[in-house]
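Residue numbers (my numbering), protein chains in the order written: chain A, 1 to 371; chain B, 1001 to 1200; chain C, 2001 to 2689.
Bear in mind the hints are in silico, worked out from the structure with no lab data behind them.
Wrong hints could be hidden among the right ones.
In silico PhoX-like links for lysine-lysine, alpha-carbon gap of 25 Å or less [as the list claims (entries may be wrong)]:
no., chain 1, residue 1, chain 2, residue 2
1, B, K1167, C, K2057
2, A, K262, A, K371
3, A, K197, A, K262
4, A, K197, A, K153
5, B, K1167, C, K2612
6, A, K264, A, K153
7, A, K109, C, K2393
8, C, K2661, B, K1167
Since we're looking at a predicted model, the values are computed, not measured.
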Amino acid sequence: MRAMRLIKNSVSLALTKARSVARGSSSTVYCLLSTVYFSPSAVYLLTDLRSQSALDPAGPQAGRIISLWWLMFYVTGTVFLIVMAFLVGALVRSRRPRRGETLDVPDVKPEPARERRMSHVVLTGIALTVVILFVFLVNSFLTGRALDSVSAKDHLTIKITGHQWWWEVEYENSTAQYVVTTANEIHVPTGQPVLFKLTATDVIHSFWVPNLHGKTDLIPGHETVTWLRADSDGVYRGQCAEFCGFQHAHMAFTVVAEPPDKFKQWYDSQLAPAVEPANQSQAQGRQVFLSSPCVMCHTVRGTDAGSRVGPDLTHVASRQTIAAGTLENTRGHLAGWVVDSQKIKPGNRMPPNNLEPGDLQALLDYLQSLK
Amino acid sequence: MSARQTVDVSGLPTFAFGHRQLTWWCTLSLILMEGGMFVVLFGAYFFLRTPVPQWPPGVGYPQPFWGTVNLVLILLSCVPNYFQKRAAESLDLRGVRIWIAVLIVFALVATAIRFVEFGYLNCRWDQNAYGSAVWVIMGTHLLHLITDALDSIVLLALMLVGPVEGKRFVDVSENALYWYFVVGLWVPTYVVVYWVPRWI
Amino acid sequence: MPGRKKDERAERAANLEAARNDPEALRAYAAGFDAARTDDVLADDIADEHERAALEKTWGDEPGFWGWLASTNHKTVGRRFIYTAFGFFILGGILAVLMRVQLSRPENNFIGPDLYNQIFTMHGTTMMFLFAVPVMEAVAVYVLPLMLGTRNIAFPRLNAFGYWMYLFGGVMLWIAFILNVGPDAGWFAYVPLSGPEYSPGKRVDFWAQMITFTEVSALVVSTEIITTFFKLRAPGMSLNRIPVFCWAMLVTAFMVFFAMPTVALASACLLMDRTIGTHFYNPAEGGDPLLWQHLFWFFGHPEVYIIFIPGTGFVSTILSTFSRRPLFGYTAVVLSLVSTGFIGFGLWVHHMFATGLPRMGESFFTGATIMIAIPSGVQIFCWLATLWGGRPKFKSPMMFVLGFFVIFVVGGMTGVMQGAVPVDLQVHDTYFVVAHFHYVLIGGAVFPLFGAFHYWFPKVTGRLLNERLGHVTFWIMFVGFNLTFFPMHILGLHGMPRRVYTYQPNLGWGDLNMLATAGGVLLTLGVLAFIVNALRSLRAGALAGASPWDAATLEWATSSPPPSYNFLYLPTVAGRDTLWEQPADRPVVTGLRSDTRQVLVTRVLDAEPDLKVEFPDSSIWPLLASLATTAMFIGSIFTPWAVPVGMLPIAVTLTGWFWPKKKLAEERPSPEIKKEHGETWMRLKEQEG
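Just chain A, same shape as in the assembly (with noise of 0.2 Å):
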């Protein structure tokens, strides 16, 4: 039992890439495989990113899907050893010829009382097989209520719609003015179960955070439900999952997960409207935002600009990425996709957008205030 916990500790260690390492720091704990796989360069943009994976799960459903894996890897291991074990040494033993008989000659009617033995041990074989089958069936169904169990009353509920190649994000509230929306970025309290009600207005999409539960579709028409809960804090990435068209490799998102008391601070913030220009800079740039083809797109809450076809930018300084995923938002990046997103992202649903160089610094001056 001890030496099964080391093989299967050594093993997840070696196929699952720790948090130390995501920051940098050496360990001589990594052997082989690690080398082969970490990348030693890896930087992460985001200081508490975990690494996308559903090995180093951070909730409890994930936790039990890695366990049920864990399980039929083990045992699956086993049965494909022992199948080997057979065919090597069916293989590596060589039937001593009867007198009179060469190799060549084929064995027309081999002996009856082999056969019978043969047939017992096949007929072994499937036995197990079938036992084997039915244990996993019945944890598959355990496991599959497990799942089912992340539910609770008192529960947040965040809207997500899928769109082509963004997440749009809405914290329902029965008062219209609680309602928050956002883009790509979901902060969820730890330790408090979420209900996400999942659609999509123009192809299929799936909702995917590795490290804390399994996919679930956005499907155009329909409404589809999962439930996530985060037990540790930390950022974690989760990416679409369906084929969705040109820009499906950069339409990720990240699941903030933070204390209920700093969730309820960034809560509050996302409601406020967004801040006035603090200087003339920033005032040109909202001047800009709201003269150029911008407005047609998106909204900024409390200015004149809501357009819903576009994310949401009332806060958008305040999101660690922009381009669903795709770049941490510096002040370089944000220039690069207002001017040509094209380059970055192509066909995205993003014109190009040819400004002044004064007109862009102010745009990006106000677009960096909207904390």
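Once you have looked at the hints, place chains B and C on chain A.
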């Protein structure tokens, strides 16, 4: 005197009716795959129907008059079809010619009525998913009517002018079998298209 | 006496073989022989020569380009089918290498998203529709009539038609791709992404029509396989003596019957949604995107077994031959194949676990998915027992089968994992699944297929492949395959989704992807080694003789390559491993005409001789009919009017196809030909009775 042991088959007949003949298996294959396709079509129809509270959605019920006329007509066509098959299997060339001709008339009239039927479905194929499903179900059956009518015409021509051999009678017999299938398809199709919206 | 005659015949067979093309030498040889002692043997030989010449005249393809186009011989068509499918395999493989190059590094700029999406769609479509299914049918078209002991496949003109439809459909798709109108919505073409709104242009239309082409082809070939299996077996080959490969193809053919019409219907509805404004999949007008998924996977999952079951047929055949013993558990293996065929239709929803279906329903499909491991397990155990009780010879076909064992068992294990809904929710649409199904499809079908190529190459070409190079091919492919696809399991668990044209450096997927790309290059080298071996052996390989492996099935009872008529006299069968149980002096069938294409039809269960039917001649009409059909299919992409208008040439060509050649029918010296009608028909009836 030959040195080898042989199985002499020179006395065997060169054609037979039913499953002894290869063409029967071809007909059976057609029936299997197209029957399967109709099952899937009906499945799709009910799949689309399930989540919708009102069916047909936003359009009137289909008018069953011409569909019912066609049902009667197509069921009646079993009579010439029966005689066609019987004539073929007793190698009665005259009978085959007559009954194929009668069957062709039935098939053509049924086809003509089918075109009328489309006008009484009270929906268009591009109106909503219900309309699409109904039109495609009706259209697929129409395709069967047309192909079997054409098939029968070619066979009739062959029986009138072509070199007639024993195996041609097998073809006629198979043609009759396939027509039974087309008839058999129309009954559930008729029920699904005209009556399911009223009942379910 | 019989023993001596047997020896004499064996000795003289070789000499006669040499003298076959030289009547002068033959006569001289016969004259010099002591006719008094063995005149019946000699009489047989001379009769054989006459028969051989007559059969060749009757069954051979007509000369020239026209004759080449008009051929309806199952071996000619089968060879074309195999070469074409292999060509598509190479094309699909090139696309795979391009994708591997693009993914070898994060944020690589080798291929942009537009082209990448076309490439992965084309890769999947080519491999599934233009390679995997057709190549299995192709091998069956070539091998089945030989294995069952008949002269040609049932409905030979339909066979030619099926090939042309397949060729034209595949070529149409690839021309579209080269013209930058290649489909880009995935081989599964999920709506609404593939619908009129999100895939404007003609790209998806070509994909949907390609489905129709290959569906027509697969269905007609399945019809031939089923009919040949049931009606054209050698006398004595009762159901319990039919080679396992033939059973596998029968199950495959039935699965095609029920799976293919579904996808044809689905793609026809998609095409109608795109061209004439129907709303099957449009949620705004009462349609449902999930309808597509149900229809597609009701076909798509059986499709996997349509590819894998012939693979198991290859494995059973090759394993038995090189273990030098009959297959262990013939009945169990056949029943496993049949039950796989049934269960295979109850799994489709496991592709849709993430769509939020009710949990209870999902549990049912988990049960079915896990259950299908049982028949596969039964086969694995029977094969192991065959090896265990035999004396394995490590010839190159056998090596591929052994490689299959290792790879396929891994694929089966990961398949069981994914059958569990919770695990599936995590690994679905990730590289874990990519790894899984390549293990199952390449391991379960392509390795056995390469085994089959090495196994039947001498039969088809008359020359042996180079053994050493065969082993080298195997090891390169085996190592290359595992290097390519094993890392993908880990990538998938680490969250790498499928169908992404690139990924970001900070995700840490770069190194394993680089490894997979390196493996892909190695795998490509393996395939190249096979091609080199095949081309070299075609010209300079050792002569194979009739039965280089001393195998048990009937295709080895005729010369390599087989003559156009397959067997001089149709063989008879008295046991399951025919050629092992009665190596020589099997009774043969006589009394079939050699001046017309007469074929023996036997009864379904016990294969008693029943009828002598005449097969149609070679004909250009199947080609013309498929050209007319192609015109209609392609036309319908551009205008719906192509359907009614295009029906006319199809009707004309089909009529031409079925219209008997009057002259031929009248020349036929048969009591059936009657210019007058009436009571003379009664004679026919008597004959019938």
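Quiz item: Do the alpha carbons of K1167/B and K2057/C lie within 25 Å of each other, as the hint requires?
Solution: 24 Å, holds
Quiz item: Under the criterion that the straight-line Cα-Cα distance not exceed 25 Å, is the pair K197/A, K262/A satisfied?
Solution: 24 Å, holds
Quiz item: Is K197/A within 25 Å of K153/A, Cα to Cα?
Solution: Distance ~15 Å between K197/A and K153/A Cα, so the pair holds.
Quiz item: Is the Cα-Cα distance between K264/A and K153/A 25 Å or less?
Solution: The hint holds at about 19 Å.
Quiz item: Within a Cα-Cα threshold of 25 Å, do K1167/B and K2612/C meet the stated pairing?
Solution: Holds. K1167/B to K2612/C sits at ~11 Å (cutoff 25 Å).
Quiz item: Within a Cα-Cα threshold of 25 Å, do K2661/C and K1167/B meet the stated pairing?
Solution: 14 Å, holds
Quiz prompt | Hint consistency between K109/A and K2393/C [alpha-carbon to alpha-carbon, up to 25 Å] | solution = 18 Å, holds
Quiz item: Do the alpha carbons of K262/A and K371/A lie within 25 Å of each other, as the hint requires?
Solution: Measuring from Cα to Cα gives roughly 16 Å; hence the hint holds.
Checked against the numbered hints above, the structure violates none of them.
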